[in-house]
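Peer 1: Each chain is listed here by its residues.
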Amino acid sequence: MEALGINLPFLLVQIVNLLIVYTVVAKWIVGPVGKMLETRRETIAQGMEDSRVAAEARANAEEEAAKIKAEAQAEASKIVSEATERAQSAGADVKAAAEAEAATAKEKALAGIDAERTQMLGDLRGQVAALAIAGAQKLVGESLDEKRQHALLNDFFAGVKDGSVVVLDGADLKGDSAEVTSALPLTDAEQKTVKNDVLAKSGAEAVSFLVDPAILGGLVIKVGDKVVDGSVAGKLEGLRQNMR
Amino acid sequence: MDVAAATILGKLIGAGLAMIGAIGAGAGIGIVTSGAVQAMGRNPDAAGNIQTNMILGIAFAEAVAIYCLVVALLILFVIG
Amino acid sequence: MSETKSKNRTWARWVVLAAILLGVFLFTGVGLGIKPIMPEVFLPGERLSETPLFGIPGLYLTNTLIGMLGADLVVFAIAFFVYRGVKSGSVALKGVSGAVEALLEALENMTEGTAGKWTKDIFPWFATITLLVLSANWLGLLPGVETIGLLHEGHGEHSVRTVAGIQTIWDDSAEMAADAHVEDTHAEEDTHGEEMATDDHGEEHHGAAIIPFFRPVSTDLNFTFALAIVAVVMVQVIGFKALGWGYLTKFFNVKHFFSKPIFGFIDFGVGLLELVSELSKVLSFAFRLFGNLFAGAVLLFVMGSLVPFFVPAMFYMLELFVGMIQAIVFGMLTMTFMAQATQSHGDHDEAHA
Numbered sequence: 000m001e002a003l004g005i006n007l008p009f010l011l012v013q014i015v016n017l018l019i020v021y022t023v024v025a026k027w028i029v030g031p032v033g034k035m036l037e038t039r040r041e042t043i044a045q046g047m048e049d050s051r052v053a054a055e056a057r058a059n060a061e062e063e064a065a066k067i068k069a070e071a072q073a074e075a076s077k078i079v080s081e082a083t084e085r086a087q088s089a090g091a092d093v094k095a096a097a098e099a100e101a102a103t104a105k106e107k108a109l110a111g112i113d114a115e116r117t118q119m120l121g122d123l124r125g126q127v128a129a130l131a132i133a134g135a136q137k138l139v140g141e142s143l144d145e146k147r148q149h150a151l152l153n154d155f156f157a158g159v160k161d162g163s164v165v166v167l168d169g170a171d172l173k174g175d176s177a178e179v180t181s182a183l184p185l186t187d188a189e190q191k192t193v194k195n196d197v198l199a200k201s202g203a204e205a206v207s208f209l210v211d212p213a214i215l216g217g218l219v220i221k222v223g224d225k226v227v228d229g230s231v232a233g234k235l236e237g238l239r240q241n242m243r
Numbered sequence: 000m001d002v003a004a005a006t007i008l009g010k011l012i013g014a015g016l017a018m019i020g021a022i023g024a025g026a027g028i029g030i031v032t033s034g035a036v037q038a039m040g041r042n043p044d045a046a047g048n049i050q051t052n053m054i055l056g057i058a059f060a061e062a063v064a065i066y067c068l069v070v071a072l073l074i075l076f077v078i079g
Numbered sequence: 000m001s002e003t004k005s006k007n008r009t010w011a012r013w014v015v016l017a018a019i020l021l022g023v024f025l026f027t028g029v030g031l032g033i034k035p036i037m038p039e040v041f042l043p044g045e046r047l048s049e050t051p052l053f054g055i056p057g058l059y060l061t062n063t064l065i066g067m068l069g070a071d072l073v074v075f076a077i078a079f080f081v082y083r084g085v086k087s088g089s090v091a092l093k094g095v096s097g098a099v100e101a102l103l104e105a106l107e108n109m110t111e112g113t114a115g116k117w118t119k120d121i122f123p124w125f126a127t128i129t130l131l132v133l134s135a136n137w138l139g140l141l142p143g144v145e146t147i148g149l150l151h152e153g154h155g156e157h158s159v160r161t162v163a164g165i166q167t168i169w170d171d172s173a174e175m176a177a178d179a180h181v182e183d184t185h186a187e188e189d190t191h192g193e194e195m196a197t198d199d200h201g202e203e204h205h206g207a208a209i210i211p212f213f214r215p216v217s218t219d220l221n222f223t224f225a226l227a228i229v230a231v232v233m234v235q236v237i238g239f240k241a242l243g244w245g246y247l248t249k250f251f252n253v254k255h256f257f258s259k260p261i262f263g264f265i266d267f268g269v270g271l272l273e274l275v276s277e278l279s280k281v282l283s284f285a286f287r288l289f290g291n292l293f294a295g296a297v298l299l300f301v302m303g304s305l306v307p308f309f310v311p312a313m314f315y316m317l318e319l320f321v322g323m324i325q326a327i328v329f330g331m332l333t334m335t336f337m338a339q340a341t342q343s344h345g346d347h348d349e350a351h352a
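Chains as they are written, first to last, in numbering that gives the first Met the number 0: chain A, 0 to 243; chain B, 0 to 79; chain C, 0 to 352.
Treat the hints as calculated values from the structure; they're not laboratory data.
Don't take each hint at face value.
[Stated by the list, open to error] Computed Cβ-Cβ distance ranges for the label pairs, DEER-style:
id, chain 1, residue 1, chain 2, residue 2, range
1, B, 16, C, 258, 47 to 53 Å
2, A, 61, C, 240, 38 to 44 Å
3, C, 263, B, 25, 25 to 31 Å
4, B, 25, A, 40, 38 to 44 Å
[Stated by the list, open to error] On the chain C side, residues computed to face chain A include the following (Cβ under 8 Å):
id, residue
5, 73
6, 75
7, 306
8, 308
9, 309
Heads up, the beta-carbon is just placed ideally off N, CA and C, and yes, glycines get one too.
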């Protein structure tokens, strides 16, 4: 022991010294440092917590932003699709309108064409009628001899007498002068008959007798500005009008 | 050869022989460190814990060498 | 900032280079040709005076006692600065106390990982032992420690010279002088003689050694045994605190003594072995620290005497490392044993070196 340098007093001194050092270290190093470490750990934990909260908030904000963006995108795409749809339907409308217009125009054109055709047909018919009447007039003019002329006149007068032919209404046929046109010159008797029977109610004083072979047969009586057509030509004219 | 010279000779030889025991400690420290490094390589997360235990193991292994050294020192400097 | 830093580094580089060149100049034949001397190695702390301190028989003023006071001073200074730093209310300490705080934080994390809820009881011991041993170990690496001291005749084999007014031992093997003058030896010393200017020869005589004023207290078995005894005693104290009287069943295991005759007896024997192992822990602790540090000191002596320049720097670095490792290991083993003592027995199959 002595050779190793171990002696009891020195050992005791060392132990006492160690206990003193322990007291000092425990009281003035470990205690304060431990407390400081605790505080620092808490501070750090607090900071971590804060940063975690901040990060969470940021994540939330990002999420919200993403949501808003997605919504905006969805809306935009909706608008685009709507616009497309509307454009399509508008196009369809326009097309339909154009088609309808075209159809109307076509119809109108068809109607016009129809009318034109009808008119042309009418014209044609008129022409045919005119030609036929002209032919008929010619035939009638050739076939009406004097005898027949007078027969016609007699028929006319007879009709007037028994009232079957109402040539003139009393009220209407009023005038100072009367003009009577015939195809052949009337006989005196006939002139008399005209004056007495036909023109009696009209009160016409001066009666002039005209001869116009163009009327073919019968009489055309003109009182004032009124005309009573009892001629063959007038009848043919009426026939022609009817044929059209 | 006088007695003093023989004593010195014996002390030197004895101290040298005493230190042979350090071989085991050296091998032991090598094995401990090898295992610890392998463990750290496999599991780097546990490096701190492994290091602590490694140092403990090294300390225990080294203690053997220290005993040898103490014996050698005693032979050299203490024993008359 | 970086500029000044790099400037400092350049400066440090020049200092290192100058130190190497100075070493080459001093210790080789090119320059002064000083031969480095292997100092005399004493296992116990050397007495600086032959009269016991305070009249207590056996207690002398040894150089390790001065080393102990130095280590104490360092720890007290750390305590002062740390306490002042914490009192100033800052969250993080600066300078040396900041380094201490970082060390303590690492140690506390270690303790918490091992000891759990007993950290409050165990950690102060861990911190105390680590800080004290660390400062004791590193103090031994200061220049001048174990080299400046009293001349003591009758121990060594080197002659004494007075160089530039300073008496020193001198390796005279080349110019061995026959006659030796006995001189009064109590004078300041400088073995490596770094301030030596001239070569004037003084008186020479045989048989002198240097007793340094300062020697790291970890190289004294008293210190290491004191630490080991206190540590092991505190392990038992904490064990009792944690488990009450049930802690004793760890050593006197009578639980299965009657129920299982054979295994119960074996358990009892194992418990007694535990008791022995507690005692062996003291020896283990004490000799581990002492052996490492003493061997380190001797290593530095030998290396310094073999290759006087540049190479010892490497070993100083190694000793810096070893000093820290041993301090932490001592504290950590104490902590581990304490943590084991707090757990009820059955799972304490730790190796006991």
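Peer 1: Does residue 308 of chain C meet its interface restraint, that is, does its C-beta lie within less than 8 Å of any C-beta in chain A?
Peer 2: With a minimum Cβ separation of about 32 Å from chain A (threshold 8 Å), the hint on residue 308 of chain C is violated.
Peer 1: Between residue 25 of chain B and residue 40 of chain A, is the Cβ distance one that fits in 38 to 44 Å?
Peer 2: 42 Å, holds
Peer 1: Holds or violated: the 47 to 53 Å window for the beta-carbon distance between residue 16 of chain B and residue 258 of chain C?
Peer 2: 50 Å, holds
Peer 1: Against chain A, with CB atoms and a cut of 8 Å, does the hint on residue 75 of chain C hold up?
Peer 2: Residue 75 of chain C check passes; min Cβ-Cβ to chain A is 6 Å, inside 8 Å.
Peer 1: Quick one, is the residue 309 of chain C hint okay against chain A at 8 Å, beta carbons?
Peer 2: 33 Å, violated
Peer 1: I want to verify a distance hint. Is the separation of the beta carbons of residue 61 of chain A and residue 240 of chain C within 38 to 44 Å?
Peer 2: Violated, since residue 61 of chain A and residue 240 of chain C (Cβ atoms, about 54 Å apart) do not stay within the stated range.
Peer 1: Is the shortest C-beta separation between residue 73 of chain C and chain A less than 8 Å?
Peer 2: 10 Å, violated
Peer 1: Going by Cβ atoms only, is residue 306 of chain C closer than 8 Å to chain A?
Peer 2: 30 Å, violated
Peer 1: CB of residue 263 of chain C to CB of residue 25 of chain B, is that within 25 to 31 Å?
Peer 2: 41 Å, violated
Hints 2, 3, 5, 7, 8 and 9 from the list above are not met by this structure, while the remaining hints are.
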